[in-house]
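J.: Protein sequence lines, in the order shown, are assigned to chains Z and P. All residue numbers for the first sequence refer to my numbering, where the first residue is 8 and numbers rise by one. All residue numbers for the second sequence refer to my numbering, where the first residue is 8 and numbers rise by one.
Just so you know, the hints here were simulated from the structure itself, not pulled from any lab data. A portion of the hints provided could be inaccurate.
Identical chains share a label here; the pair holds if one copy fits it or two copies do between them.
Straight-line C-alpha distance at most 20 Å; calculated EDC-like pairs for lysine to aspartate or glutamate [unchecked claim]:
#1 177 with 58
#2 29 with 200
#3 103 with 83
#4 143 with 289
#5 143 with 303
#6 29 with 250
#7 248 with 329
#8 254 with 324
#9 254 with 329
Okay, here's what each chain looks like letter by letter:
Protein chains: 2
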Amino acid sequence: MDIILWRIDNDDSVLASWFRLKYPHVAIGALASSAPILQFDDITPWSSFNDVVSQDFKSESLNCFSVIKAVWDVLDERGSNETGLLELSKNFRTCKTVHSVSRLGLWLRAAFTTTAMVDYPTPANFMMNLPAYPVKEMCKIIDTFPPGADVIDKAFAAASLYYNYTGDQKCFEVEGGDDPHALHGWGWQACTEMFMPMTVSNESMFPPSSFMPEKRSEGCFMFYGVRPRMHWITTQYGGHKIDKVLKRFGSNIIFSNGMRDPWSGGGVLKKISSSIIALVTEKGAHHLDLRSATKDDPDWVVEQRRQEVEIIHGWIDQYNKDIARM
Amino acid sequence: MDIILWRIDNDDSVLASWFRLKYPHVAIGALASSAPILQFDDITPWSSFNDVVSQDFKSESLNCFSVIKAVWDVLDERGSNETGLLELSKNFRTCKTVHSVSRLGLWLRAAFTTTAMVDYPTPANFMMNLPAYPVKEMCKIIDTFPPGADVIDKAFAAASLYYNYTGDQKCFEVEGGDDPHALHGWGWQACTEMFMPMTVSNESMFPPSSFMPEKRSEGCFMFYGVRPRMHWITTQYGGHKIDKVLKRFGSNIIFSNGMRDPWSGGGVLKKISSSIIALVTEKGAHHLDLRSATKDDPDWVVEQRRQEVEIIHGWIDQYNKDIARM
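Only chain Z is shown next, with the shape it has when bound in the complex:
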């Protein structure tokens, strides 16, 4: 009962590669698309995720990047009192008046971050309904405002592309509310084994922040009652010098990454051996290759998927040959 694993979620892509490494007798290969297996300990620069998000926006428009970079201070300033919060609640069309300006910041950040992840070349509905090239579309919205317009209005209008592309949202649940993307599952992972250090650098479009493992651990304990196992993954699966180790170990793994995907910073971007291969697309986003084909797919996506299918066929052929020879 040999199987090939591939899955569409972020952590599942990571698991696909690890499963192949730990159970080579069960899975004959893995397509690990957008799998940040190096986003642990000190292997990858901690700022890489937010750096890529910022670069995605900057690549569309320097003005767009600057507007987003400017919004956080304005938001904090206006949200420092009750009157300001009431005003901001109107600006953001929140369903209920917000009690904390930090929730508005998180709401905005989630829009920009997720849109960078799903910056697909065709319309898609992976997290939300979005048009093709949604980062470009967000920046168009920002750039279309007259120069003197309020930075809060610009940021809100851009975020609305993410939260309300179909236009059917009357108001937004900014505080609490449900979890439409089941990110609590990811939160649990990030609080147990998938403990990924992340920071925001001064060059990013988000407010700079450093990595405070103790603070994160406290948060995990408060929210889930667990403490992260900070170094478990690199102990269990390696990571430091993993290219050197895997060169003489393991086989049949495709690591695919799109360089516009913020997770690509923690991905394997170089060929490791003849059968542990990296497929990198400059314009690709988060597991674009795993999405259903559409008639509007650019040639480079079509070609990437063709290569993947060809490689996987090769694994299966080899497997059948080995079986026949026994």
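Following the hints, put chain P in place on chain Z, whose structure we already have.
T.: Coordinates of chain P only, in the frame set by chain Z:
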């Protein structure tokens, strides 16, 4: 902190190979001497262990093999009543009168089985003090008796080579007593993860027996309060078609086996890839290669050790080259 593992115990040799497979970033290689990694599920014929023991004795003398094969029925017959047990206790010079003839049988079997394992070409004291080629010496003892001598006396004299080569034992603790070889550790292993199916075939020199997993499981529960995980190892580490899997996976493992070692039946005896290698010696016994060198070592042992050292040096050189290139 990369390490190379090699250890002198049976289960540790198995663990060395598994550790290399699961933690290639921690151990750069493994010398798995006499590691029966295929002695699980239905991979290896279940009778192989006792078949090799029997073959070891048969190869020295057909009479020796036949005497040992004949002793079990005689033992059971005479031990079927109190008078017989008292008489047998005298024959076997037991410290206390035995209450169960089965204990005498186990005592004899342990001597023959273990002597087959440690049938080294030089005097050694791995389990007990023994001369060079102890199986040959046991058979000499049996063959030296006059034809009409009692089969029990012959078997006891042969077993005494194992239990009393130095001649300082006044009597033998056949029932209960301590565990000089710490085999309780092995018993625990065999009752939890290292669940190896074993039988005795009609062609062997021991009383035939089949494999009854339920009975063994009951025994484990009575003795240790645990139940075996019968298929855990093949799930965790593979085994079925492991040669096919490891051919394209893993590296830097030496599987060494001596064909006189009863464990060799469950060992990897063929080269799997350019760096997963089998070293087989026809006359070798249980991890002979890992024992200290002596001036009397035959050439083939010296050569085997030389090859192993050369291969391990190759791993270390390659590792250092990889490090230097980074």
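J.: Tell me, in ascending order, the numbers of any earlier hints that this structure violates.
T.: Going through the list in order, the structure violates hint 1 alone and respects the others.
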